[in-house]
Amino acid sequence: MTKRRMFLRMVTASLLRRRSRMLIALLSIGIGATILAGMVTIYYDVPRQMRAQMRSYGANMLLMPEAGETLNPDKLAAALEKLPGDALVGASPYRYVRLDMTSRQQSFTTAGTDFTQIRKTSPYFSVEGRYPEAPREILVGREIAETIGVKEGSDMELTWQPTARQSEGEASDDWKPGATLSGSAKGFGDAMVYVKAKLDDGARIAEIQIDASTQTPEYGGRVSEEPLFLKQFVGKSLPLQMNVEIDALSGATITSTAVVDALNGARAADAAAQPRTTRYRVTGILVTGGEEEGYVFMSTDDLQALTGEDRLDVAELSISADEEQLNAYAQALTGDGVTARLVKRVTKSETAVLGKLQALVFLVTVVVLILTMICVSTTMMAVVSERRREIGLRKALGASDNSIRGEFLGEGMFLGLLGGVLGAVLGFVFAQVVSVNVFNSSISFQPLLLPATVLVSMAIAAASCLMPIKRAVAIDPALVLKGE
Amino acid sequence: MALLELKNVSKIYGELKALDNVSIRVEKGEWVAIMGPSGSGKSTMMNIIGCMDKPTRGEVLLDGEDISKPSSKRLTDIRRDKIGLIFQQFHMVTYLTAVENVMVSQYYHSMPDEEEALEALGRVGLRERAKHLPSQLSGGEQQRVCVARALINHPELILADEPTGNLDEANENIVLDLFRQLHREGTTLIVVTHDPEVAEAAQRTIVLEHGKVAREVVNEGFEE
Numbered sequence: 001m002t003k004r005r006m007f008l009r010m011v012t013a014s015l016l017r018r019r020s021r022m023l024i025a026l027l028s029i030g031i032g033a034t035i036l037a038g039m040v041t042i043y044y045d046v047p048r049q050m051r052a053q054m055r056s057y058g059a060n061m062l063l064m065p066e067a068g069e070t071l072n073p074d075k076l077a078a079a080l081e082k083l084p085g086d087a088l089v090g091a092s093p094y095r096y097v098r099l100d101m102t103s104r105q106q107s108f109t110t111a112g113t114d115f116t117q118i119r120k121t122s123p124y125f126s127v128e129g130r131y132p133e134a135p136r137e138i139l140v141g142r143e144i145a146e147t148i149g150v151k152e153g154s155d156m157e158l159t160w161q162p163t164a165r166q167s168e169g170e171a172s173d174d175w176k177p178g179a180t181l182s183g184s185a186k187g188f189g190d191a192m193v194y195v196k197a198k199l200d201d202g203a204r205i206a207e208i209q210i211d212a213s214t215q216t217p218e219y220g221g222r223v224s225e226e227p228l229f230l231k232q233f234v235g236k237s238l239p240l241q242m243n244v245e246i247d248a249l250s251g252a253t254i255t256s257t258a259v260v261d262a263l264n265g266a267r268a269a270d271a272a273a274q275p276r277t278t279r280y281r282v283t284g285i286l287v288t289g290g291e292e293e294g295y296v297f298m299s300t301d302d303l304q305a306l307t308g309e310d311r312l313d314v315a316e317l318s319i320s321a322d323e324e325q326l327n328a329y330a331q332a333l334t335g336d337g338v339t340a341r342l343v344k345r346v347t348k349s350e351t352a353v354l355g356k357l358q359a360l361v362f363l364v365t366v367v368v369l370i371l372t373m374i375c376v377s378t379t380m381m382a383v384v385s386e387r388r389r390e391i392g393l394r395k396a397l398g399a400s401d402n403s404i405r406g407e408f409l410g411e412g413m414f415l416g417l418l419g420g421v422l423g424a425v426l427g428f429v430f431a432q433v434v435s436v437n438v439f440n441s442s443i444s445f446q447p448l449l450l451p452a453t454v455l456v457s458m459a460i461a462a463a464s465c466l467m468p469i470k471r472a473v474a475i476d477p478a479l480v481l482k483g484e
Numbered sequence: 485m486a487l488l489e490l491k492n493v494s495k496i497y498g499e500l501k502a503l504d505n506v507s508i509r510v511e512k513g514e515w516v517a518i519m520g521p522s523g524s525g526k527s528t529m530m531n532i533i534g535c536m537d538k539p540t541r542g543e544v545l546l547d548g549e550d551i552s553k554p555s556s557k558r559l560t561d562i563r564r565d566k567i568g569l570i571f572q573q574f575h576m577v578t579y580l581t582a583v584e585n586v587m588v589s590q591y592y593h594s595m596p597d598e599e600e601a602l603e604a605l606g607r608v609g610l611r612e613r614a615k616h617l618p619s620q621l622s623g624g625e626q627q628r629v630c631v632a633r634a635l636i637n638h639p640e641l642i643l644a645d646e647p648t649g650n651l652d653e654a655n656e657n658i659v660l661d662l663f664r665q666l667h668r669e670g671t672t673l674i675v676v677t678h679d680p681e682v683a684e685a686a687q688r689t690i691v692l693e694h695g696k697v698a699r700e701v702v703n704e705g706f707e708e
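One line per chain: the protein sequences are A and B, in this order.
The numbers in this note's numbering rise by one with no breaks, and the one at position 341 of the first sequence is 341.
The numbers in this note's numbering rise by one with no breaks, and the one at position 22 of the second sequence is 506.
Calculated directly from the structure, the hints in this document are not laboratory data.
Some clues are possibly wrong.
[Unchecked claim] Listed below are the simulated EDC-like cross-link pairs for lysine to aspartate or glutamate, each with C-alpha atoms no more than 16 Å apart in a straight line:
(1) K3(A) to E600(B)
(2) K553(B) to E489(B)
(3) K344(A) to D322(A)
(4) K3(A) to E598(B)
(5) K538(B) to D211(A)
(6) K3(A) to E543(B)
(7) K186(A) to D211(A)
(8) K356(A) to E323(A)
(9) K557(B) to D401(A)
[What the hints assert, rightly or not] Here chain B is said to cover these stretches of chain A; the calculated rule only asks that three of the stretch's residues, wherever they fall, bring their Cβ under 8 Å from a Cβ of chain B:
(10) 206-219
(11) 397-411
[Said to hold, decoys possible] Short, incomplete list of chain A residues facing chain B, as computed with Cβ under 10 Å:
(12) T2
(13) R5
(14) S14
(15) L16
(16) R18
(17) R119
(18) P123
(19) K186
(20) K231
(21) E390
(22) L393
Quick reminder that beta carbons are idealized off the backbone N, C-alpha and C, glycines included.
Chain B with its partners taken away, still in its complex shape (with noise of 0.2 Å):
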């Protein structure tokens, strides 16, 4: 069953046609990247898929609800309820600490809860930095917090726009790590990334050139 399906979507600034009569699916615990050189429409799919923008044309389903024609408050309650967001410039709020930050994503959601919002730092690593201010977290550290925050309410997907850009390799690989992990739990992954490396983690590639879907690739060597 599809979790996600563009139908021919299309988003028009002016003259400029940012996704161009894309249509792609993307099955319930699948695990998928998109790739694509700047400008290639990337941006305005992850928006779309995150439902913080409509399309002009064409029909998004996400979990059997179209996203594509709704007010933004209630895209707003379905981002909410549906969607964990993983940013590439992590995005923590500055003057909380870490378990802070994790439960401000259950506040929104439902109901704040320490230990659960510990509970999602110790999954990632950080159980012992929980009572840490972002300013005094790594970058690496940063982005698992936004790792926990992104699992807490356990979305349907979790969306991730270039997670590891600013991190090193050594912290690339537990952000990887954490992702597998999820994956094998039954989560939907969508990685949005220029790194091929990072697009080789997934089942399949997605490339887009000129709001296109230029090819999808399988990636052969996906170990579960």
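Chain A with its partners taken away, still in its complex shape (with noise of 0.2 Å):
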């Protein structure tokens, strides 16, 4: 038999056959592993399930246009497309417009937005009622309803009045039968093409003109002198639809469709022009506390179809992820047009919280391993103690200092070791059963949780044992003669 092999067959039977005093030892370095692995689990968990907790308190990275830019829902779900799928809990579009009331000579802001995001974004907002679902319903903020007296199921009358053109359009006269539309588009080269139309009484092309000086003379400038492709617009109705009501010019289908874009998009600066009214159903009554109850609310489809217009006026994001990350995706959802940017009230305060529930976290499980320490140290003194006679035997049998150092080490690191192993497979269901209790989620188990714990519970076990094993090394192999 080898000296190791007669080490562990002292070690262990040091512990299996000494049960009771070693199970003090066992259990508190078991519960002190299980505290510290279940405390690293949240450590390291909590900001995760925080975070998904904290989106309840509102956006927290805004979308806008740049300065001379617009955005639209294509262009905000091409930027949405640029973050990770996991970490977008949700985005909000916003239009806001004031819409009128003829009714009452009343004119509300009214917001255009995406009624299923907006739960996720603002998911303090409370409706008396219900969300909006079909087209033409909508949700009225608190304040206004109790101004105008309206109430779930409600019909509300809203008249858009357009103030400023926003298309490429010129001026021109009201959309009426016998009126002139001129309008631009972009053609070949990305240079401009102008068409200008003379309507019949039936609100039908009479007369075509089309200046198409910019584009390539014996292509796309043809457009403007061809008969056969000026005859195809006269006695059709705008707007117009390439390829079907429309056959392009061979060798300039960039301009031909320039010059229908040209028109339908004259008509519909045109038609944006005139005041529209829509009748409404009220779903629900918003309360929320804060500026949101004097809103009136409506999709943007329903917006969009008033107004004429798809833009959007910034789009509100709540995402979960730390402020570092926000701001790396801030500065990779920058660009094209649109600016992200932090709502620092809100990831500030996230942030703030997260560290300080951290640091309590952290503070609580340097308390538990002192108090293991502690624990595990008076015990092996206790033992020790109990061992005077044992060590001083050892000692006269020719045991040296190093031989008690190790073996009192080695039952120490048995113990750490058995704590460990214990300590991390509790100490997951504690977190686990934290996690579902505190947070409603459930964690995954961090595979290098167990060589972890195991290794800090040996290495504050070997701590422990030191001041026991100096008190052990003190000994007196002489005691074990004077018949104490």
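Each of the two chains sits in its own frame; use the hints to bring them together as a complex.
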């Protein structure tokens, strides 16, 4: 039998045959390791858990068009592509316009948004009634509801008064039969093509004039003269469908399309210039305690139908990430005419709260580790006093100080090993229970946690043994002779 | 040739002279008993011979090496290599079996060898009880295990402190018979005792009183 095997035999015999004392030491290490493993798991999992929770405080990033640019649903969707899918909690588009309620001679700020997304980015919104689901259903802020006395189920007629032209079409007379329309659109090489059309009484095109002088003369430039091309427009109503109602002039597809776009744009701009009224059904009263109570909310589709524009003013994004990541996302999102910036009020407080929570968990862990050390140290101290005679005997039998150290350290480390394995398993269970009860979500087992907990437990057990070992080494072998 | 020689050894604790200028000689293969009332300096002498204490003055030669000066680490080595100890209270590691207790001694000395340890237990008539824990053994059996443990490393000197102090007559005789066997094999034995019967079993008795050698008695009736 080798010395090592005898060493192991002695250490295990000491632990297995002196159960009660060792169980206490094992229990304290095990509990310490449990708390350690649990706390470490929570420490790393809390930000993830809490971030999800904190998203209920509202959007933490805003996406806006850069100066001179516009934002629309397509651009928003393109920008959101840049975010990792699991980080984005929700993205609410917003378009704010002033709508009139002519019957009451009032006007309200109306937000066009996405009611599915709004529930994710602003979960604190509370609706008396229900969120709109069908077209022409709206939410009304409590303040407005009280002012004009509308309730869930009331109808409201809202009117849009265009004030300024938004499209590229030039100013023209009112949209009515017999009017002249003029518009422009980008043709070949991004150069402008200008179109003028005279309408007859039935709002059909009576005459068309094209200025394509910016286009290549032998290709696009021919659209203004080619009778077969021009003839197609006469007698048709706007808007026109390319390739259905109008065929492109061969060799001048881009310029031909520009002509149709210019006419359609002019028509849309003209149409957009008309006040329009729609009747809406109020499905709920919005209660937020904030300025939102002074707004009317409708879907972007409804607002677009009313105004003829798909423009957005801002998008509120709720992203699950820490401040550093958010900054990185903001940087990634910025560009292509949009700017992203953080809602500092939300991100700062979120970071602060998480930091404090982590500090608390850290502190508790440290305290528990110190308590574990004290407990194990005390137990080992008791073990040493209990085994004074045995230690004296071993020394009398020729054990060197290092042998004594080795044996006690061996027992301590073995306890640390057992306690660590026990603790890693129980700690995960503990963290899981905490997570399920406090955060309502489960956590995944970190494989690294097992070796880490075992190592830390062994180190703590070893550290706890230092004082007791010092005492053991100081024991005088002669005491075994004195008949104590 | 002397295995052990104390030359003018004194051990002084403050005012108290536990040993006062003591000189004794123990030959290789000799069996010596040390007697004396409590406080006569027996324990002090035992500690010094057992390399667990150092004298205040004087020289102690064990197998030619001075053991009155070295570091405690060196003393531990000498004790381990040359001395087998037997105690009044037996002193076994409570959570190890009889054979494991014997092996502990081998472990600190050189290499644990279960076969050899079992043989040693066989010599003291306890081979059948090898797997028992101390709590399952009688006092006499425990002391016999301790004898096996003391002789397992073939020490030059077996130093026994009241080895029969806690034993009944029958067990006392078994232990004394074991000593006789060891003596016949040439092992040097020093037995500290109160019991005249145990002392009489030795070749020679040294009587201590007040830290001095009062007298030495050669046992005429010693049977080889």
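Structure-based check of each hint:
Taking the CA atoms of K3(A) and E600(B), the gap is about 15 Å. The hint holds against a cut of 16 Å. In summary, the hint linking K553(B) to E489(B) is supported, as the alpha carbons are separated by about 14 Å, within the 16 Å threshold. As the CA atoms of K344(A) and D322(A) are separated by approximately 12 Å, the hinted pair is consistent with the 16 Å bound. A hinted pair counts as satisfied when its Cα atoms are at most 16 Å apart, and K3(A) with E598(B) qualifies at roughly 12 Å.
A threshold of 16 Å between alpha carbons decides the hint, and for K538(B) with D211(A) the separation of about 122 Å lies outside it, so the pair is violated. A C-alpha spacing of about 36 Å is found between K3(A) and E543(B), which places the hinted pair above 16 Å, so the restraint is violated. Distance restraint check for K186(A) and D211(A): the Cα-Cα separation of roughly 12 Å lies within the 16 Å cut-off, and the hinted pair is therefore satisfied. For the hint pairing K356(A) with E323(A), the CA-to-CA distance comes to about 15 Å; that is within 16 Å, so the pair holds.
Annotation: proposed proximity of K557(B) to D401(A) holds, straight-line Cα distance about 8 Å (limit 16 Å). Coverage of the segment 206-219 of chain A by chain B is violated in this model, with 0 residues showing a Cβ closer than 8 Å to a Cβ of that chain against a need of three. With a cut-off of 8 Å between beta carbons, the segment 397-411 of chain A has 6 residues touching chain B; three or more are needed, and the interface restraint holds. The closest approach between the C-beta of T2(A) and any C-beta of chain B is roughly 7 Å, which is under the 10 Å cut-off, so the hint is satisfied.
Residue-level restraint check for R5(A) holds (minimum Cβ-Cβ distance to chain B is 8 Å; threshold 10 Å). Residue-level restraint check for S14(A) holds (minimum Cβ-Cβ distance to chain B is 6 Å; threshold 10 Å). Taking 10 Å as the C-beta cut-off, the interface hint given for L16(A) holds, the closest approach to chain B being about 8 Å. The beta carbon of R18(A) comes within 5 Å of a beta carbon in chain B, closer than 10 Å, and the hint placing it at the interface holds.
For R119(A), the suggested interface contact is broken, since its CB lies about 66 Å from the closest CB of chain B, more than 10 Å. With a least beta-carbon distance of about 62 Å to chain B, the hint placing P123(A) at the interface is violated under the 10 Å criterion. With a cut of 10 Å, the hint placing K186(A) at the interface with chain B is violated, because the nearest CB-to-CB distance is about 93 Å. Here the hint on K231(A) is broken, as its CB sits about 112 Å from the closest CB of chain B, past 10 Å.
Using the Cβ-Cβ criterion of 10 Å, the hint placing E390(A) at the interface with chain B is satisfied: the shortest such distance is roughly 5 Å. The restraint placing L393(A) at the interface with chain B holds, with a minimum CB-CB distance near 5 Å, inside the 10 Å limit.
Taken one by one, the earlier hints fail for this structure at numbers 5, 6, 10, 17, 18, 19, 20, listed in ascending order.
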